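Line by line, the protein sequences are chains A and B. Going by my numbering, the letters in the first sequence line up with residues 1 to 142, in that order. Going by my numbering, the letters in the second sequence line up with residues 1 to 434, in that order.
Be aware that one or more of the hints could be misleading.
As the list claims (entries may be wrong) - Taking lysine-lysine and the DSSO-like style, the derived pairs with C-alpha atoms no more than 27 Å apart in a straight line are: (1) B/K386 <-> B/K400; (2) B/K386 <-> A/K88; (3) B/K3 <-> B/K167; (4) B/K301 <-> B/K41; (5) B/K408 <-> B/K393; (6) B/K390 <-> A/K119; (7) B/K173 <-> A/K61; (8) B/K27 <-> B/K46; (9) B/K3 <-> B/K253; (10) A/K4 <-> B/K390; (11) B/K415 <-> B/K394; (12) A/K25 <-> A/K119; (13) B/K415 <-> A/K25; (14) A/K60 <-> B/K218; (15) B/K400 <-> A/K61; (16) A/K119 <-> A/K88; (17) A/K4 <-> B/K202; (18) B/K393 <-> B/K430; (19) A/K60 <-> B/K390; (20) B/K226 <-> B/K324; (21) B/K127 <-> A/K119; (22) B/K3 <-> A/K60; (23) B/K98 <-> B/K127; (24) B/K400 <-> B/K301; (25) A/K60 <-> B/K410; (26) A/K60 <-> B/K393; (27) B/K218 <-> B/K202; (28) B/K301 <-> B/K324; (29) B/K386 <-> A/K4; (30) B/K127 <-> B/K173; (31) B/K386 <-> A/K60.
None of these hints come from the bench; they were simulated from the model. Just so it is clear, the structure is predicted and the values come from calculations on it, not from any experiment.
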Amino acid sequence: MLIKQVSVFLENSAGRLQSALEVIKEENINIVSLSLADSSDYGVLRMIVADAERAKEALKKAGFSAHLTDVMAIKLPHTVGSLQGVVKTISDAGISIEYMYALSTKDENACIVIKPADKEAAMEAIKLLNLDFVTTDEVKAF
Amino acid sequence: MNKIWNESKECMSRDEMSVLQGARLVKVVNYVYHNVEYYRKKMQAKGLEPGDIRGLEDLSKLPYTTKDDLRDTYPFGLFAAPQSEIVRIHASSGTTGKATVVGYTRRDIDTWSECVSRALSMCGVGKNDIVQVAYGYGLFTGGLGAHYGVENTGATVVPMSTGNTKKLITMMKDFGVTGIMCTPSYLLHIAETIIEGGDLDKIKLRTAVCGAEPWTEKMRLQIEEKLHVNCHDIYGLSEIMGPGVACDCEFHKGLHVQEDHFLPEIISPKTFEPVGDGEEGELVFTTLTKEGIPLIRYRTKDLTSIDRTPCECGRTTARISRFKGRSDDMLILRGVNVFPSQIEAALLEMSGTLPHYMIIVDRVSNLDTVEVQVEVEERFFSDEIKELEKLTKKIEGVLKQAIGIAVKVKLIEPKTLDRHEGKSVHVIDKRVFD
Numbered sequence: 001m002l003i004k005q006v007s008v009f010l011e012n013s014a015g016r017l018q019s020a021l022e023v024i025k026e027e028n029i030n031i032v033s034l035s036l037a038d039s040s041d042y043g044v045l046r047m048i049v050a051d052a053e054r055a056k057e058a059l060k061k062a063g064f065s066a067h068l069t070d071v072m073a074i075k076l077p078h079t080v081g082s083l084q085g086v087v088k089t090i091s092d093a094g095i096s097i098e099y100m101y102a103l104s105t106k107d108e109n110a111c112i113v114i115k116p117a118d119k120e121a122a123m124e125a126i127k128l129l130n131l132d133f134v135t136t137d138e139v140k141a142f
Numbered sequence: 001m002n003k004i005w006n007e008s009k010e011c012m013s014r015d016e017m018s019v020l021q022g023a024r025l026v027k028v029v030n031y032v033y034h035n036v037e038y039y040r041k042k043m044q045a046k047g048l049e050p051g052d053i054r055g056l057e058d059l060s061k062l063p064y065t066t067k068d069d070l071r072d073t074y075p076f077g078l079f080a081a082p083q084s085e086i087v088r089i090h091a092s093s094g095t096t097g098k099a100t101v102v103g104y105t106r107r108d109i110d111t112w113s114e115c116v117s118r119a120l121s122m123c124g125v126g127k128n129d130i131v132q133v134a135y136g137y138g139l140f141t142g143g144l145g146a147h148y149g150v151e152n153t154g155a156t157v158v159p160m161s162t163g164n165t166k167k168l169i170t171m172m173k174d175f176g177v178t179g180i181m182c183t184p185s186y187l188l189h190i191a192e193t194i195i196e197g198g199d200l201d202k203i204k205l206r207t208a209v210c211g212a213e214p215w216t217e218k219m220r221l222q223i224e225e226k227l228h229v230n231c232h233d234i235y236g237l238s239e240i241m242g243p244g245v246a247c248d249c250e251f252h253k254g255l256h257v258q259e260d261h262f263l264p265e266i267i268s269p270k271t272f273e274p275v276g277d278g279e280e281g282e283l284v285f286t287t288l289t290k291e292g293i294p295l296i297r298y299r300t301k302d303l304t305s306i307d308r309t310p311c312e313c314g315r316t317t318a319r320i321s322r323f324k325g326r327s328d329d330m331l332i333l334r335g336v337n338v339f340p341s342q343i344e345a346a347l348l349e350m351s352g353t354l355p356h357y358m359i360i361v362d363r364v365s366n367l368d369t370v371e372v373q374v375e376v377e378e379r380f381f382s383d384e385i386k387e388l389e390k391l392t393k394k395i396e397g398v399l400k401q402a403i404g405i406a407v408k409v410k411l412i413e414p415k416t417l418d419r420h421e422g423k424s425v426h427v428i429d430k431r432v433f434d
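In isolation and in its complexed conformation, chain A is listed as follows:
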């Protein structure tokens, strides 16, 4: 199960993250999770939001370069080694991970967002672990 992530290009200057977040707020869209990747000149803001399509359109209208990316969000029990188990499964399948970050949930589980180089293959591998994926409907309800 893949969910949509909103990715936004941001310059490394004061107020840019604020401007992007303001657009999301004005649209009354809840941000479930986010991560920021940065280089010396710019960064990429990656977000899981309640309504990805609407958030992307609003950001584009406001002048940002934004697009949607498919990512996997996997539920993990709060136990030692559960994250390592997932990463091992993916790496044993010979798939590299482009990036990953944690996602906050209300229930007992932790949750990890992963963008693997090969999504199909990664999904197949993870399925064998009997772990649940976060669905788009769940993201809306958070």
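Add chain B to chain A, keeping to what the hints say.
For chain B alone, coordinates are given in the frame of chain A:
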């Protein structure tokens, strides 16, 4: 006072000079009419025949030549001598990325060396000097032009080229180098490295001959003060010859033009009519003795004024003042001619449609820096940093290929650059030249 290399030419009376220039002009007009189809057609279009040009007074009847003419006739269309007589080719960038190509006969190389020798004499350089040439060697006229001039002078040349400042300073110390030829910004960089390394009292440098990029009197004095040398300004352009077309003597009251070879005029960049001595305008040259690629009334786009009064040094050759700027958008970056349109063409070719961009030129630690900001539109954007970095590297590679010097590419958010009505501003030059 510094030695005058060729007194018979550099100190002739103004009348004698006019007679010589007039005779040579008649000859060169005949020469191009009969050897360069492009010029013949250009003259015929104006109803001109060689016989109509009887002396200097007829100069203004002749059509101008521009960089566009060189581009339109790329590569050899304006050459007057057959290939068998051409012994060397040089090239510099043109407005559209197509190189401007020039060719020299054996005699042209000799004339060029003579001009550089005259310039070096003005600067006090003679056969007892050891001179490092730290211009780039290659298609650029700076390196080889200076090199042959130093040899012709009888001094010892050390062909450093550019790029290895540490080695340059080591050799400067070990060889007892007394003269250097390079761009002024590079020399300031060298000077700072020498001072930082505590090497100032270990060098014997006493003369610097700088050129190939716009600079200021302030920079010249700064170089003199930092390195305890005499610093001179040498001017040239590949279309006319290369470095040595003009140079300033020890009185630094303008650059003496080698007038027996290059006939200078100053014209209004608006009306294209000649202006009087002392008035500022665009510098125009007619080559009087060149065989490979003689040019008639070539518009340099450099803005200056001319002074034909005798100089305290004893030379009577006309002097042009330090350059005030250019009448086109050409940038001179680290001695290399760069047109913003070359950058635009490269971006366009790389990406299909032109992204919004801005070229920011600055001078950091006396070296020109170029940053090209490119708006990251939807089609360039990736959620992965490595893809964006790949894009940056790709654009940097394409631009380096196009303009010949390294630039830093900075990705910026879309719609952050100013949109101007009509002609967009694509260059911000932060360098200070006064």
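Are the Cα positions of B/K400 and A/K61 separated by 27 Å at most?
-> Judged against 27 Å, a Cα distance of about 34 Å means the pair is violated.
Hey, B/K301 versus B/K41, does the alpha-carbon distance stay inside 27 Å?
-> holds, 24 Å
Pair hint outcome, B/K173 versus A/K61 [Cα-Cα no greater than 27 Å] | violated, 63 Å
Decide if the proposed pair is consistent with the structure: A/K60 and B/K393, CA atoms, cutoff 27 Å inclusive.
-> holds, 26 Å
Sort out whether B/K324 lies within 27 Å of B/K226, counting only the CA atoms.
-> Status holds; Cα separation ~25 Å.
Does B/K127 pair with B/K173 here, judged by a C-alpha cut-off of 27 Å?
-> Between B/K127 and B/K173 the Cα gap is close to 19 Å, so the pair holds against 27 Å.
Given the proposed pairing of A/K60 with B/K390, does the C-alpha separation stay at or below 27 Å?
-> holds, 23 Å
Pairwise hint evaluation, B/K202 against B/K218, where the allowed Cα distance is 27 Å at most | The hint holds at about 25 Å.
Holds or violated: B/K386 to A/K4, with C-alpha atoms at most 27 Å apart | holds, 20 Å
Are the Cα positions of A/K60 and B/K410 separated by 27 Å at most?
-> Since the Cα atoms of A/K60 and B/K410 sit roughly 21 Å apart, the hinted pair holds (cutoff 27 Å).
Holds or violated: are the alpha carbons of B/K415 and A/K25 at most 27 Å from each other?
-> holds, 22 Å
CA of B/K415 to CA of B/K394, is that 27 Å or under?
-> holds, 22 Å
Violation of the numbered hints given earlier is confined to hints 3, 7, 12, 14, 15, 17, 21, 22, 23; the remaining hints are satisfied by the structure.
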